[in-house]
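Visitor: Each chain, written out:
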Amino acid sequence: MDGNSMWEPKIVAFLCNWCSYAGADLAGVSRIQYGPNIRIIRVPCSGRINPLYILKAFQNGADGVLVSGCHPGDCHYISGNLVARRKFTLLKNFLVYTGLEPERIQFSWVSASEGQRFAALMDKVIADVRKTGPMENQIKEPRLAYD
Amino acid sequence: MIEVQNQMRILASDLIRQKRVDFIIGYEQGTLAHTSRPCIIDVRTSGPEVSEKLVWNSYCSNNLSVYLQKFFAPPVQGRKKDAAPPLRIGLIVKGCDLRSVLNLIREKQVPRENLILIGLPCTGMLDKKKMEINKDELDIEKNIQDSCLECRFSNVKGVDFEITGKTREVPGDLYEVVRLFEARTRKDRLAYFEKEISRCIRCNACRQACPSCYCRECFADQKDMKWLGSGTMSDTMIYHLIRIFHQAGRCAECDACFRACPEEIDLRTFTRKLAKDVEELFGFVTDFNRESIPPLSTFSSGDSDSFITEPEEGG
Amino acid sequence: MKTGILTKPEIQELFSSMITKNGEESRIFVPATIEGRVILEEFSPEREIFYDFANFLRPPKGIFFPQREVLCSFEQERAVEVPPAAGRIIIFGIRPCDARSFLFLDKIFSAGSSGFADPYYLGRRENSVIISLSCIEPSEGCFCTSLGGGPGDESGSDIVAFDLGDRLLFEAHSAKGENFIEENTTEFRQPDAADQNAKKESLQAAFNAISRISTDGLVEKLDDDFSDSFWEEITATCLGCGVCTYLCPTCHCFDITDEKDRDGTGTRVRTWDSCQYPLFTMHASGHNPRAEKKQRMRQRIMHKFSYTPRTTGDVFCVGCGRCVRKCPVNLDIREVIRKINGE
Ligand code: SF4
Ligand code: SF4
Ligand code: SF4
Ligand code: SF4
Ligand code: FES
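Residue numbers (this note's numbering), protein chains in the order written: chain H, 1 to 147; chain A, 1001 to 1315; chain Y, 2001 to 2343.
Careful, some of the hints might be misleading.
Unchecked claim - Interface residues of chain A toward chain H, partial, derived using beta-carbon atoms under 8 Å:
hint, residue
1, ARG1186
2, ARG1189
3, PHE1193
4, ILE1242
5, PHE1270
6, GLY1283
7, VAL1285
8, PHE1288
9, ASN1289
10, THR1309
Hints in this document: simulated from the structure, not taken from any laboratory. The beta carbon of each residue, even a glycine, is placed where N, CA and C say it ideally should be.
Using the sequences and the hints, build the whole thing.
Guide: Below, the structure is given as structure tokens:
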């Protein structure tokens, strides 16, 4: 990004406690390198994600949001991610329809044993968002001015 | 239409005479030109002649099912067990109202056995805004509401009493507005969405008019966890994205939200998108089928994973 | 009374020259169309003033009493006041009913009834000139003449302008208005008998098109113990959407909230509120004295037609008809008043 070389994407990652968060943990203890642009929020299950959380993240300055849970069939709560999958499909389509760049909202499945996959995923999401540039959607709330 | 209106009145007065209902919800003459409006008649305190009040014409666009849920909801204040026994409601329905009613039944908000549904044949309702612009009431088709132009459910099914008559033909392209919008560039879509939303005064009329928006405490009103602020552009965008998203798999495409909006914001382009996706992805339509399961309360192992990000070298 | 005539192009020029004049900045609001919608817009020389409309969807109260206004911002212990923007405000082209609404809002926001003068509202209001535009074609639902107003009513206006086709007749009705005409005296031509006649005719036509209600003895009638069932009956179909209050030029209820920003900073904002919302009177305990819509509608009607006449001497309705036209279920306030009258 010209004239914006200082800009670093901020990405919020909602990870389910039982798989993806453990996957992130594994990436950490295995000392696998990935970009530092990720802010992780642990949630009990990908089924716990309310679309509002995602929009709030954008409002509060995230340039991208990632949601990750267990692979289909592996959810700790049996079907949390399967119910979530329908919701996410619709949500992503809808946000893109209303003008959000598809790179900014991503979903994936990462299991507890996939440290490598987790790191690769992070790098991909960071690269995607970096390519897309800073958020220009008015959903991002500018800081209110005061001196 | 006069014929349908007469039959409806006769039916209503019979129901009252036979004491089969406590309330009748229908339409009455409004106070402005080209206006019919909802009326809720407490027939426990009135005779069968009140049915003469009911009208049926091309201005009966309000979705009457919006009033149903309140009859069966536990009281706002006070204990649940103090609530009176459920009432029996006679409801006048056209296609879209009935679709909303079935939503409420599927979602267990209203008991079917307490409803007496009187289905009317609908040839489409007129759009006052279009009529103002066209200044030409005679050309009916030109002034029909957009929602009616895309309606394929004007022929009601599964009601208790059906008055038959002329209905609308099923249109060819059901989601034209969505397809056209999808074809625009991303920047264009964002600009349009933001432009429409920027007029919103956050009166919440869209939510109040929607029969599926029955939450006791809307996320937009929550104070304990205050999700939405006092109405910056960003707050308003979130309000709309979530309100519309909450109708996924539930929206009956009645356009009550769109009609209620004083700012005439094009909510329709956006509510239709979810209806289209739900139909294409999950094969679900808010139709007259009482048994179907709302698409977001269920899943299938075959649901698409195509939106999932796969890291190139991962796995 | 000072009067003057200007042609429509002359008005355009006059305002263009007034945006900055003698080192003073003015914000001028005029009727304009944007994508087929008539709105009150800030004037710029490129913006063409639009005359062919009945009334704006939104009331003009937002100019003095914005829907959302930051009162101060804070950062831990430090608060910074955010004063209203200074400068003169000229409002041109609002209808006489809306101009009249300012009289009522003035009473609410000045020290009179409460002893507290609102610096935000008054800061803008005191430095304003209101030039209203008489009505030629009232809308369906207008009933201003029943509430002390009328298509050429001057209360609340510094100047009333009468649209005579290609030209406007200006009549000053306050010192501010006289000054305005004085300051620009070279621009104005004096009206002749033909102008006065044209004015009378247009007014009469408008007058005849306006619906009427009776408000005689309404305050006393509202004292009668209207049973709950009366309010329940009239509000049976109300959706509780608040359109009627947000669009009302005289409704003035507001809420003040503190909003935390990120990083421990925040703002205190004032926003419009509406008696039609359940949250309006919700207590912190969860108890709500007006939990049902019949109680809320009662508040709306009583506030306008009983409480304010007692406290300020005025019925807080100017008969603009916005709530009549825009209520999604056609709950018509004129009808409610007629029912209270026992008609
Ligand atoms: S979202 Fe709008 S169109 Fe859909 S059911 Fe609700 S009111 Fe009707
Ligand atoms: S009805 Fe219209 S103005 Fe009111 S909140 Fe909904 S979109 Fe906004
Ligand atoms: S506009 Fe109509 S429906 Fe909405 S709150 Fe007012 S009276 Fe009720
Ligand atoms: S109550 Fe209705 S008619 Fe009266 S001033 Fe308010 S919006 Fe206008
Ligand atoms: S626990 Fe991981 S997705 Fe449900």
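Visitor: Which earlier hints can't be squared with this structure?
Guide: 6, 7, 8 and 9
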